[in-house]
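**Q** Spelled out from the first residue to the last, the chains are:
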Amino acid sequence: MDLSMAINIADSAIRLSTPLLFAALAGLYSERAGIFDIGLEGKMLISAFFSAVGASITGSAVLGLGCGILAAVFFSLVHGLASITYRGNQIVSGVALNFVAAGLTVLLGQNWYGQGGRTPALTGAERFGDVTLPGASALGEVLFVGPILRDLVSGQNVLVYVAFLMVPVTWFVLFRTRFGLRMRAVGENPAAVDTAGISVAWLRYRAVIICGVLTGFAGTYLALAQSAGFNRDMSAGKGYIALAALIFAKWRPVPLMGACLLFGFLDTVSIRIQGVQLPFVGTVSVQFVQALPYILTVVLLAGFVGKAVPPKAGGVPYVKER
Amino acid sequence: MSRPYAKLPPIVDYGLIPLLNVLLAFAVAGIVVAIVGESPVEAATLMLRGAFGYGEGIGFTLYYATNFILTGLAVAVAFHAGLFNIGGEGQAYLGGLGVAIVALSLGDVAPWWVTLPVAVVSAAAFGALWAFLPAILQARRGAHIVITTIMFNFIAASLMNYLLVGPLKLEGSMQPATRTFAEGGQAPKLGSLFEALGLDLGGAPLNVTFFVALLAAVGVWVLIWRTRLGYELRTLGHSPRAARYAGMNEVRLIVVAMAISGALAGMMALNPVMGDQARLQIDFPEGAGFVGIAVALMGRGHPAGIIPAALLFGVLYQGGAELAFDMPGISRDMIVIIQGLVILFAGAMENMIRPGVGAFYHRIALRPAALPAARETP
Chain H
1 MDLSMAINIA DSAIRLSTPL LFAALAGLYS ERAGIFDIGL EGKMLISAFF
51 SAVGASITGS AVLGLGCGIL AAVFFSLVHG LASITYRGNQ IVSGVALNFV
101 AAGLTVLLGQ NWYGQGGRTP ALTGAERFGD VTLPGASALG EVLFVGPILR
151 DLVSGQNVLV YVAFLMVPVT WFVLFRTRFG LRMRAVGENP AAVDTAGISV
201 AWLRYRAVII CGVLTGFAGT YLALAQSAGF NRDMSAGKGY IALAALIFAK
251 WRPVPLMGAC LLFGFLDTVS IRIQGVQLPF VGTVSVQFVQ ALPYILTVVL
301 LAGFVGKAVP PKAGGVPYVK ER
Chain V
1 MSRPYAKLPP IVDYGLIPLL NVLLAFAVAG IVVAIVGESP VEAATLMLRG
51 AFGYGEGIGF TLYYATNFIL TGLAVAVAFH AGLFNIGGEG QAYLGGLGVA
101 IVALSLGDVA PWWVTLPVAV VSAAAFGALW AFLPAILQAR RGAHIVITTI
151 MFNFIAASLM NYLLVGPLKL EGSMQPATRT FAEGGQAPKL GSLFEALGLD
201 LGGAPLNVTF FVALLAAVGV WVLIWRTRLG YELRTLGHSP RAARYAGMNE
251 VRLIVVAMAI SGALAGMMAL NPVMGDQARL QIDFPEGAGF VGIAVALMGR
301 GHPAGIIPAA LLFGVLYQGG AELAFDMPGI SRDMIVIIQG LVILFAGAME
351 NMIRPGVGAF YHRIALRPAA LPAARETP
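So the protein sequences, as listed, match chains H and V. Residue numbers for the first sequence follow the working numbering, so the first one is 1 and each next one is one higher. Residue numbers for the second sequence follow the working numbering, so the first one is 1 and each next one is one higher.
Treat the hints as calculated values from the structure; they're not laboratory data. Certain hints may be false.
Claimed, not checked - Partial selection, computed: residues in chain H whose CB lies under 8 angstroms from chain V:
hint: 1; residue: 86
hint: 2; residue: 89
hint: 3; residue: 95
hint: 4; residue: 104
hint: 5; residue: 106
hint: 6; residue: 240
hint: 7; residue: 247
hint: 8; residue: 285
hint: 9; residue: 287
hint: 10; residue: 295
For each residue, glycine too, the CB sits at the ideal point set by N, CA and C.
Please work from the sequences and hints to get the whole structure.
**A** Dropping the structure here:
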């Protein structure tokens with residue numbers, strides 16, 4: 001395998017891991033604050049749809065992003081209402097929102113555009129484009145490092161940079177700010193936070209809103225960067241893969257990036273491996289590679305390689321009187 | 001499922017509140033219908049006519065309900081033990097493999113009444129096996145059952161995809177499906193039975209699995225409310241600490257509950273695989289495993305509630321198909337929305353109306369006591 005092919009694969013892995021990264025970071029905020037979120041998939045889907053609708057109406061990708069974020073935040077607030085205010089079952093609420101999103105996007109898409117649930121094809125300013133970093137082409141001639149800078153680091157989609165920038169930002173917010181400390185505390189021991197006179201509900205609502213904003217980015221990336229418009233079920237289980245990545249990274253931001261890249265890489269491999277003969281193993285079935293993230297997550301959850309311990313108060317509604 | 005609010009009589013708790021929640025779900029669905037510019041009332045009428053208006057419609061409604069009774073029972077059994085089985089879809093899918101193996105091998109040589117019981121056992125065994133792995137991981141290693149069953153849904157889909165595109169595929173066919181089962185591998189349709197009752201089912205695929213589902217409902221009722229095991233499961237579900245204190249074997253109970261749950265979900269495969277398509281096709285469960293969640297929540301985990309809830313979803317599926325045909329503005333995806341809303345309101349948001357209903361109930365419940373005193377004065 002030569003350098004250009006390796007760059008090619010790495011490039012594809014980065015592109016495929018970006019929506020996972022957004023969604024997994026979204027889940028990170030929510031779950032660190034003690035709100036489990038099975039509904040990442042649904043929020044991605046609804047934001048993909050509304051970002052595409054918004055972009056096609058306004059002709060602007062940025063306004064499309066705004067619409068996508070609004071839709072995902074709305075879903076997040078419903079989830080918050082159910083699981084924070086009404087102390088409902090967070091898993092049930094997440095499952096419900098996934099269904100509503102899956103049905104609503106296709107129904108509205110079919111009704112508004114009549115193209116089998118698709119939105120019109122988006123072009124030009126309605127999509128997010130690739131960015132060439134300054135000096136990339138000049139440095140591109142440097143041996144070995146040059147092509148990596150030119151073809152891998154530069155020339156990615158705007159949203160790709162945003163996603164990877166969010167990793168250090170998230171780390172900083174979670175571990176170096178007062179808000180982050182309190183948020184983590186509310187996921188571990190809400191009673192202590194409450195005793196300190198800080199509102200558990202408001203903290204959790206903020207976490208859930210951040211989750212909505214980030215899933216809004218994830219969905220928008222799918223519709224306005226990776227594709228040119230919305231297709232039915234275009235999130236295709238990525239929300240669940242993001243959840244798997246979150247567990248795989250044991251709810252920590254930097255390993256999360258690694259997990260997303262790994263799963264993005266597996267996705268790339270599953271596309272390229274069809275019919276390829278590998279030494280020692282023969283042909284690997286595509287389905288096996290596709291199932292690998294799920295299998296790995298189960299293995300990790302079972303504690304066979306390390307142990308994934310979720311935030312202590314996760315999934316439990318907080319009741320003041322107890 | 002905890003109940004943080006005041007205790008209410010069963011009729012309110014199990015009858016009125018679920019009913020109001022479902023009505024709320026339908027009201028929101030009605031708003032969606034109105035948003036896309038159609039009349040909700042007309043949509044509801046069309047739906048009901050499609051589901052009950054003629055023999056074939058009734059046949060399809062009951063056929064779908066059969067699926068949902070089984071998957072609903074599956075989710076409910078796990079619920080009673082405090083476990084949330086989201087893996088019904090994967091377990092049903094694997095159950096189909098169990099059915100196909102029996103139908104393909106026995107179907108050529110034996111009549112259906114020999115094949116069917118074996119297929120029931122095989123489907124249940126495969127479903128149970130697929131639920132057993134997450135169960136043992138939860139019980140022994142503390143892996144969260146919700147996450148593992150979700151993962152197992154995807155693993156099941158990949159596995160069946162692999163089998164149906166590869167080893168199990170009919171030679172020379174482009175379709176990812178097995179060969180058609182011989183007569184002995186098919187569950188007989190109930191058309192002639194209903195004809196004797198004066199109802200023409202037409203081409204509806206309603207078959208003997210319907211009775212298997214009803215038997216399963218009775219079985220679950222006996223298991224949960226009339227046996228020692230059922231008592232232990234409910235204890236575990238209510239308070240794991242109490243179960244532990246009473247010396248119950250938590251690991252065993254989790255595994256048994258999930259195995260029964262998986263077996264019931266696996267049995268759902270009989271209906272489409274043996275009863276309708278007579279071959280194993282890709283994606284045959286079509287979300288029935290997930291509908292089971294809505295059905296179990298609506299039916300409050302009791303067979304007496306699950307059967308009507310399954311019937312309601314049967315109506316939605318069959319009526320929804322007709323609706324999509326008659327109303328161009330509405331596609332079958334309306335069903336998915338309604339399903340989601342039912343899960344949302346009946347499952348996650350039930351505390352929204354509970355305090356109000358509770359307060360209202362206590363106001364009117366106190367009144368009869370005050371009335372006789374008032375009557376004595378004249």
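**Q** Work down the list of hints and note, for each, if the structure agrees.
**A** Against the structure, the hints:
Taking 8 angstroms as the C-beta contact cut-off toward chain V, the hint placing residue 86 of chain H at the interface holds, the least distance being around 4 angstroms. The interface hint given for residue 89 of chain H is met, as the beta carbon of that residue sits about 6 angstroms from the closest beta carbon of chain V, less than 8 angstroms. The interface hint given for residue 95 of chain H holds, since its Cβ lies 6 angstroms from the closest Cβ of chain V, which is under the 8 angstroms cut-off. Residue-level restraint check for residue 104 of chain H holds (minimum Cβ-Cβ distance to chain V is 6 angstroms; threshold 8 angstroms).
Nearest Cβ of chain V to the Cβ of residue 106 of chain H: about 4 angstroms, under the 8 angstroms cut. The hint holds. The interface hint given for residue 240 of chain H holds, since its Cβ lies 6 angstroms from the closest Cβ of chain V, which is under the 8 angstroms cut-off. Because the closest C-beta pair between residue 247 of chain H and chain V is about 6 angstroms apart, less than 8 angstroms, the hint holds. The beta carbon of residue 285 of chain H is positioned within 8 angstroms of a beta carbon in chain V (closest approach about 5 angstroms), and the interface hint is therefore held.
The interface hint given for residue 287 of chain H holds, since its Cβ lies 4 angstroms from the closest Cβ of chain V, which is under the 8 angstroms cut-off. Nearest Cβ of chain V to the Cβ of residue 295 of chain H: about 6 angstroms, under the 8 angstroms cut. The hint holds.
Hint check: no violations occur; every hint is consistent with the structure.
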